[in-house]
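**Q** One-letter residues, chain by chain:
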Amino acid sequence: MAAATDDAGDSNEMIRVVSSDGEHFEMPEAAANLSLVLRHMIEDDCADAAGIPLAVVAAKPLAKIVDYCTKHAAKSSGLTIEEAEELKRFDAEFIEVDTDMLYDLLVAADFMGVEGLSKLAVQRTADLIKGKTPEQNRETFGIVNDFTPEEEEEICKENEWAFQITKPPSRLC
Amino acid sequence: MASSGSSSPSPKRRRVGEAPAAGTDKLLSLPTEILDIILARIPFKHLVRTCCLSRAWRRRWESVPFLDIELSPGSSARVLWRCAAPVHGFRTVADVRRRNIYRAARWLRALARKRVRELTLQFKPSSEISRPNRLLGPALFSCTALVRLHLENCNMPPAPQGFSGFPKLVWLTLDNITLPFKGGGAQLERLIAAATRLAVLELPAVFTSATSDPGDIETWAIRAPNLRELFIIMPSAEDNGCRFAEELPLLEKAYIVIDCLLGTQDFLDAFRRIATVNKLGFVSLYQSNNNLEGITWKFENLRDAHLNTNFGKQSSVLSVVSLLKFAPDIEHLYIMADDTEWLEEDKIDEDSLNTEISGDLFARLKYVSLIGGVKYFSNQMCFMKFLLSKARSLQIFAVTFVYDDERKEWYVKACRELMECQKASPQVVFIPKLSYKPQQTAGL
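Here the protein sequences come in this chain order: A and B.
Per this note's numbering, residue 249 is the first one in the first sequence, and the count goes up by one each step.
Per this note's numbering, residue 10 is the first one in the second sequence, and the count goes up by one each step.
Hints listed in this document are in silico derivations from the structure and should not be mistaken for laboratory results.
Do not rely on the hints blindly, as some may be mistaken.
[Stated by the list, open to error] Listed below are the simulated DSS-like cross-link pairs for lysine-lysine, each with C-alpha atoms no more than 25 Å apart in a straight line:
#1 A/Lys367 to B/Lys35
#2 B/Lys356 to B/Lys307
#3 B/Lys417 to B/Lys356
#4 B/Lys394 to B/Lys375
#5 A/Lys312 to B/Lys35
#6 B/Lys384 to B/Lys394
#7 B/Lys446 to B/Lys417
#8 B/Lys356 to B/Lys422
#9 A/Lys378 to B/Lys35
#10 A/Lys367 to A/Lys323
#11 A/Lys380 to B/Lys35
#12 B/Lys307 to B/Lys334
#13 B/Lys442 to B/Lys422
#14 B/Lys432 to B/Lys356
#15 A/Lys308 to B/Lys394
Whole structure, please, built from the sequences with the hints as guidance.
**A** Here's what the structure looks like:
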């Protein structure tokens, strides 16, 4: 189930990891090294045939992370302009996920210490928020509007400048 | 739940792969530190808009540290007081109106409290003499956490007694800044010296009382042992008193226009202090003499040099020679030919160049670029052909010719001559370009 191994980095060693729900994954050592946590475990000789248990990362996000690391490890050093662009395209497609998966990736990448993925997921989330009206944001992220209409109006007024100069004039709140 | 970051329940414990159930706020369920990083990446205005999402969001933005804030003109200083400290950056939207200087005084008070690290204040330049630039508020000097300071088109007030500088400052840019009081130069000297980590200093237009009263020049010195990049412009009538009194041992790049020091010991001192650079830009509007003639010490690291030259003056052409003499390892040479309608006052020909220039001077040049006012003038053509016949390591020779009317048949001739002339380097690639520049003197 794990990612392609044919374009692995210079290390041939495969590292096994186990998700919180017991699924096994494999990735080249160079890919595992992109995770700070896995790298430390490998350095401490904790990587064995049974696999490194990742007690808080479920199979679904872990599969994505293994994918990400494998791709990036294979293309880590001495990138040509085309390869860098291809990697950028990969990232852009990779992060086109629903908000549940985005949530999982944010937390898992942070937990595993995969810096590039953390940045990617953070930027994606920030972009999602900033491009939307309040109503769209509520819908996307499951936010319940618990203001009374009067309260909402008052709050918008309090920070009126932030809602101004949107062209064309869209609805405020 | 929303107002304070640290006291939120611990969603960290939740297993990844079990995203929050439907109906719960997916953003506020994130660990506080992650949500803070996300929110800090949202443009300030959009971030403040999150206040109306729900009760829990009403004050959430106020607890996000390290914000980069760009304030639009309509916003009040009050929002700044509500931001969490430290504020990472603050910049005004380009060209804040001058009357906003009063608002800026309030911004500065708030930002000083919020320990702002990067501050950029750009005001609209004043166009009329009757409306000079305004004075910045004194709270500027309370922003002691500054790492980067960029001020444009305003006046700097006198620092209060006991001001000990911006000790963390790494980057300082003062563009069209006046210190309109006695001791302004000394204040700049102290400010720069106190910033012991200062790496980049840009002073494209700084005026002190010395500038307005040339009879009474208070000089001041740049003391910056960690400086890497220096950019300074002091045209002939605008001496602000800046001098180069101490070594700048780590300097890598310098771009200097110091016509106000031409012909003085201070001019030579300036070149002595910047002798470690590997990139140098030197521009002068005065070229009756070879300005670089008196430099007798070597610029060992210099690889990349920009210089302007008036090909109508032999002395000006010889400044290129002087440059190559004191910096024998230059590989990239950019010559800006002065774009003036000069007469060829001095006749330059192959013989005169041969007597003045040892061909070896050009031996290490790899890339030569001529830009600015290159036309089909005989002095220019003669110099270019001479250079091509001597520069045996040359790889690229790029010339941008300019024309100001439709009569540009000379361009083809110039290209052909440069193509066909004798070249010392077998691998050199000649790249001619043509750009249109209308005559400025034409009375339209």
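**Q** Please go over all the hints and tell whether each is borne out by the structure.
**A** Status of the hints after comparison with the structure:
Note on lysine 367 of chain A and lysine 35 of chain B: the hinted pairing holds, with a Cα-Cα distance of about 18 Å set against a maximum of 25 Å. As the CA atoms of lysine 356 of chain B and lysine 307 of chain B are separated by approximately 30 Å, the hinted pair breaks the 25 Å bound. Annotation: proposed proximity of lysine 417 of chain B to lysine 356 of chain B holds, straight-line Cα distance about 23 Å (limit 25 Å). Restraint check for lysine 394 of chain B and lysine 375 of chain B: satisfied, since their Cα atoms lie roughly 16 Å apart, inside the 25 Å limit.
At most 25 Å may separate the alpha-carbon atoms for a hinted pair to count; lysine 312 of chain A and lysine 35 of chain B meet this at roughly 20 Å. For the hint pairing lysine 384 of chain B with lysine 394 of chain B, the CA-to-CA distance comes to about 14 Å; that is within 25 Å, so the pair holds. This hinted pair checks out: lysine 446 of chain B and lysine 417 of chain B have alpha carbons roughly 12 Å apart, not beyond 25 Å. Distance restraint check for lysine 356 of chain B and lysine 422 of chain B: the Cα-Cα separation of roughly 21 Å lies within the 25 Å cut-off, and the hinted pair is therefore satisfied.
With a CA separation close to 16 Å, the supplied pair lysine 378 of chain A and lysine 35 of chain B stays within the 25 Å bound. With a CA separation close to 18 Å, the supplied pair lysine 367 of chain A and lysine 323 of chain A stays within the 25 Å bound. Taking the CA atoms of lysine 380 of chain A and lysine 35 of chain B, the gap is about 16 Å. The hint holds against a cut of 25 Å. Taking the CA atoms of lysine 307 of chain B and lysine 334 of chain B, the gap is near 8 Å; set against the 25 Å cutoff, the hint holds.
For the suggested pair lysine 442 of chain B and lysine 422 of chain B, the alpha carbons sit about 13 Å apart, so the restraint of at most 25 Å is met. The straight-line distance between the Cα atoms of lysine 432 of chain B and lysine 356 of chain B is roughly 23 Å, inside the 25 Å bound, and the hint therefore holds. Between lysine 308 of chain A and lysine 394 of chain B the CA atoms are separated by roughly 68 Å; this puts the pair beyond 25 Å, and the hint is violated.
Checked against the numbered hints given earlier, this structure breaks hints 2 and 15; the rest are met.
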